[in-house]
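Participant: Following the hints, put chain W in place on chain C, whose structure we already have.
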Amino acid sequence: MTGHSTSGTPPRTDFHDKVTGRAEYITDVVLPGMLHGKILRSPIPHGLISSIDVSEALELPGVVAILTGADVQSFDWLWGPSIKDRPIIAIDRVRYVGEPVAVVAAIDERTAYDALELISVDYEDLPFVTDAEEALAEDAPVIHENPQPLKDFYFTGQARTVPGTNVFQDYRYEHGDVDQAFADAYRVFEDRFTFPMVFHYAMEPHCAVASFQDDALTVWSCGQSPTAVQKVLARIFRMPLSSVRIITPFVGGGFGGKASVKIDPLAAAIAWKAKRPVRLCLSISESMLTCRRLSAAIDIKTAVDQDGTIRGKSVRIVMNGGAYADTGPAVAVKAANRSIGPYNIPNLRLETLAVYTNTVPGAAFRSIGGPQAVWATESQMDIIAQELGIDPVELRYRNMLKVGERVRPDLRAIDVDMAEALGLASQTMSRVEAAQPESKLARGSAVGASDPGILAVSSAILRLKVDGSVLVMSNSVEIGQGIRDVLTGLAAEFLNQPRAMVTVMTPDTALAPFDWGTGASRSSLMMGMALEAAAKDILRQLEEFVTDCFGAQMEPLAFVPGGVAAGSRRWTFEDVLHAAYGIDSGEIVGIGRITPKSRGGALAEAPLFWETAAGMCGIAVDEDTGEVKVRNYVSVADVGHVLNRLSAEGQDEGAATQGLGHALYEELIYEDGQPINATMIDYHVPAMDDAPDSFSTVLVESGTGPGPNGARGMGEGAILPVAPAIANALANHYQIRIRDLPMTPEKVWRALLEKKVQ
Amino acid sequence: MEFQMEVTLPETPEHVWSVMVDVPRIASCIPGCENVQEVERLQSYSAVLKQKIGPFKLEVPAEVKVDGYEEPHFLKAHASGVDKLTRTKLSVVFDVTLTAVNQNETRFAISAELQVAGKLASLGYGLIKKKAEENFAEFEKRIRQQLEAI
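These protein sequence lines are chains C and W, in that order. Those letters in the first sequence? Residues 1 to 758, by this note's numbering. Those letters in the second sequence? Residues 1 to 150, by this note's numbering.
Mixed in with the good hints, there may be bad ones.
As the list claims (entries may be wrong) - Here are the simulated EDC-like cross-link-like pairs (lysine to aspartate or glutamate), alpha carbons at most 16 Å apart as the crow flies:
#1 K84/W x D122/C
#2 K756/C x E623/C
#3 K119/W x E623/C
The set of hints was computed from the structure by calculation and includes no laboratory data.
Same shape as in the complex, but just chain W:
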C-alpha cells in the first residue's frame, strides 16, 4: 500500500524539522503510537503500535531505523514489527521531504509504502487498507495542528 501526503505549512523548513525530530510531539500525531523511545537520536527508535482493525486488536512492538537524513530537508526511515497474537507483520518504508516554498512556507511531503503480511493480510486486507488510509488522514490532520501551532 502506498500513501502520499503533501501539505504547505506557514513555517521554515528548520522549524518544521525541529517538530519532526521532537519524538513525543511527532509520536502524538501517529494514531495508536505508544511508548516511543529514542534509542539513538536520528538513528534508532522503538514504539508500540496499537490498532483495532475490525474484530482484531493489534499490538505491534516496532523498531524504527533511520536510513538517512539531510537536515532540515530530508529523512528516510523504515519500521517493522510483528503482532504477538495474529503474527501479522507490518513494515513501512517512508521518506519525508521538506522544501522551502518561500521564506515563510515549507512544503512538507511524506511518501510511505506499507506492507502487511500474515493472517490479517489474507483475512482483512480491505479492512487494513481502510484503517491505514484513515490513520494517514488523521496523521495529516494532527501534524498540521502541531505545525500550525509552532
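One chain only, chain C, in its complex shape:
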C-alpha cells in the first residue's frame, strides 16, 4: 500500500557498482585489437543505391575495413524477428532516412567518423510514403514486394501479410453480433484518436561489441533477448547456435527498444569483414533512427444502453510500422486486445492493420500497443459518460469485469479486481487533495488492462558450492529494473541462505540456459519460478546424498542457513559433499525449467496474468499558454506480491512518467520524408521539472499471480492510463476534448480558444 516504508528494503545489489562507476556496460568492454565502427546512413527516405565508392575512405590512415551491402550477400542476409524483411545492411535499396548503408571500422572513433565523409553514395530516388493511411492507398509505393513471415520464430504464430500492399499485419477478431448491437443501441459513439511515433530514450544508446575468433562469434549485446540475438546471428552467418555466444552486461535501459534484435547483425558483420573485434556504439540520435513506438490512428465505435451498459464495440487501428516490421506484428495484435479494456463487451470486433512506411522501424515499447489503444478506449469512456450524464468512474464500474470473467472467450479470465483498483485510486487521490485545501485541480481518471505477451518458457541454473555460496546463472538481463537483485533475493529465499552468499552472474548464452527474453513484465515471475524449480532440484540431489551417506531420514529434508536439516538432524553443505565426494570440495548444480506444461499446464493459457492499472491525475492548466502541468498523480497496480518495494515503486513511477512523454511532449515528426526532430535538442522527454509534485503508488498485493508468493509481472501497466486521464481531466474541467497526442500547449491553447469562441 502507499506509504509503505522502504527502510527495510536492503540496498539493491547493483546500486553500489553503478553509483561508483564500477558497473560494466558494453561501452566499457575493451578487447585486444578492437576497432571502432561508425555507420553511414541513408539521407533519403526511399531509393535505389546506384553506386557506392569507398576507395577514398579506405585510404584514410587508420581505416581497417568498410562494410557495404556487397559484402554480405554470401550470408543469409535477410532477417527479422517476425518477418524476414530486413537486410543486415542496405543492399541495393534504402527504405528510410537513417538506414545503414556502410560501416567503417577504424582504429578509433574519430577516424571512423572522418572516413564516413569520404564515402560516396549515389541514389536514385523512389517515391516515398511516411503516413500509414497514405501507405494504404492503391497508388502508394510498395515498400516490400514479398515479405516472408516467420512462424513461431520469436513470437508464437505468424504475421498475416497482404501481398502487393504495405500491410504486414492484418489482424482481425470478432465475437457476438456487432452490427446488430449497433442497430439496437440507445446510442452509438464514434470517435477517432491518434497517437504519435515516440522514441524509447533509454539513457544508453544501442551498442554492441562483436568478435569472430576460431570459428566462433561472441557478441557483447545490449539486447533484452540474448537467445533471440543468438538465434538470428546463427542463422545469418550459418553457424551452429553453440558457436554463437551472447554476453549481456548491464544495460542502460531498454523499454522494448532493445527487445528482439537490433544492431547486433551489423556489429557482427563489420567484425567479420575487419577480421578484428569491433565496437559499435551509437549516439542517441542514431538510436532515434533505430526504432520507435508504432504510431496509430484508432477509430472506435461503441454501442451503449441508456444506463451506459456497453452492448457492442468495434475498433479499427491503423499502425505505422516503419520500414521494417521488427516486432510490429505482435504490437498490432496487442493493440487490438488492449483496446477492449477491462470491460464486458458482449459483441466485439477488432481490426488492426500494421503498415510499412518509409520511416524508422516501429518496435516493441513498454506495454506494446497498449498506450495507443487505451488512449482511445479510455478517452471515449469519458465522452460516453459525459453525453449520458453519468459519472465517468461510475460508468466504468457499470461495465467492469469481475474477477473470473473474460474479456474474450479465448483469453484467460480477468484475475485482478479492477473495481478495487479504481476505488483505491479515488480514495488515495481524495487523501492527497485533502492535504492541499488551497489547490483547485482538474481531476481525470482512466484504467488499462493488458495481456502480456509472455511465452511461458524460462530456465535457470543454481550452483550451490560446498561453502554454501550460490551462483545464479540466467539470461535475464539487468536493464535497470532490478532483476539481479530480485534473483538474489529469490535464490536466497528458495535455498534459505543469506543474500550475501548469492551472486547473480552476467547473462551469457554459453553458460546460462535458454530463456525467451527480458520484457513483457515477465522476468521476475518467470525466472522466479525457474529458480524455485532449480532449488527443488538441488534439494532432491542433497536428499540422495544424505540418504546415501547418512541413511534414510524420517523427516523431510529442508534447507537451513549453511546446510540442510531433517527434523533435529543438521548437516552443513560441506558435511554432505565431503561425505559424498570423499574430499571437502564440490558443488551441486540445480536446473529449473518452466514450460507451458509446467504446473499441470496452468501456465499454458494466455495471458499468463493480466497486467492492469488505474490512474488518476490532478492537473493545472495555464490558460494563457495552454501548458498542462500534472500536479498530482495516483497509480494503482495489483502486483500480486512485492519482491522489492523500492524497485517496484520505481518501475511504476517510471512507467507513468514515461507516459507523460507521449501525453504532453513527445512526437517524432516527419516532413518530406525526413525525421526533423530526431535529436535530443529538438525532442523533449519528461524531465524532473515535468514530474508530478505528488506521486502516489499503490501496490495491491492480492497474492494471485503465478509467480513466487503470488507475484505477477509489473512495470508496464502504469504507462497506460496517463494520457487518457489527463485528457479526461481537460474535458471534465475545461470542456475541451483533445484527440491527438501529444497534448502540446498549442493544441490545448487552441482548444481553449475555440471553446471560448463557441
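Facilitator: Just chain W now, with coordinates in the frame of chain C:
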C-alpha cells in the same frame, strides 16, 4: 517542402518568357546563385548555389535539367546537388506556367517542391525551411523587378 508563387505581370507571355530563358537575368533573381552556365539551351544548365543557413555555409554545385517546355507557356525542370562539406543533398522539381490574362498581362506561376536530405535536414530542417521561404520571397521580389523593367 512545397512552394507556390503567382504574380500578374504587365507584359505578354512572349516577353516574360524571353526574360525567363535569359540565363544571366534569371540567375540574378535567385539568391546565392552563381556561376550559371548554359550547357545546352533549354536542355541543361549548371550553377553553384551558395547559402548561409544558421551556422552552416552551404556550397552546392547543381545540375539543372529541363524536363519539358512549351514556349512561351510552360517549362518543367529539376535540379539537384550535394554540399561538399555537410553532404547535404538538395533537389528541387519546379514548373513555370505563363498564362495570358489579357492582351497586356501575364499570370506568372511557379510551383516547386524542394527536398533536403542529409545532416542538415536532421539538424536544421526548420532553419532550411525558413531560409527557403525567404529565398522564394526574394526571388519573387527580384523577378517582379526584372519583369516590370522590361
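Participant: Now, for every hint given, state plainly whether the structure supports it.
Facilitator: Cross-check of the supplied hints:
For the suggested pair K84/W and D122/C, the alpha carbons sit about 14 Å apart, so the restraint of at most 16 Å is met. Between the alpha carbons of K756/C and E623/C the distance comes to roughly 11 Å, so the proposed pair stays at or under 16 Å and holds. Restraint check for K119/W and E623/C: the C-alpha separation of about 38 Å exceeds 16 Å, so the hint is violated.
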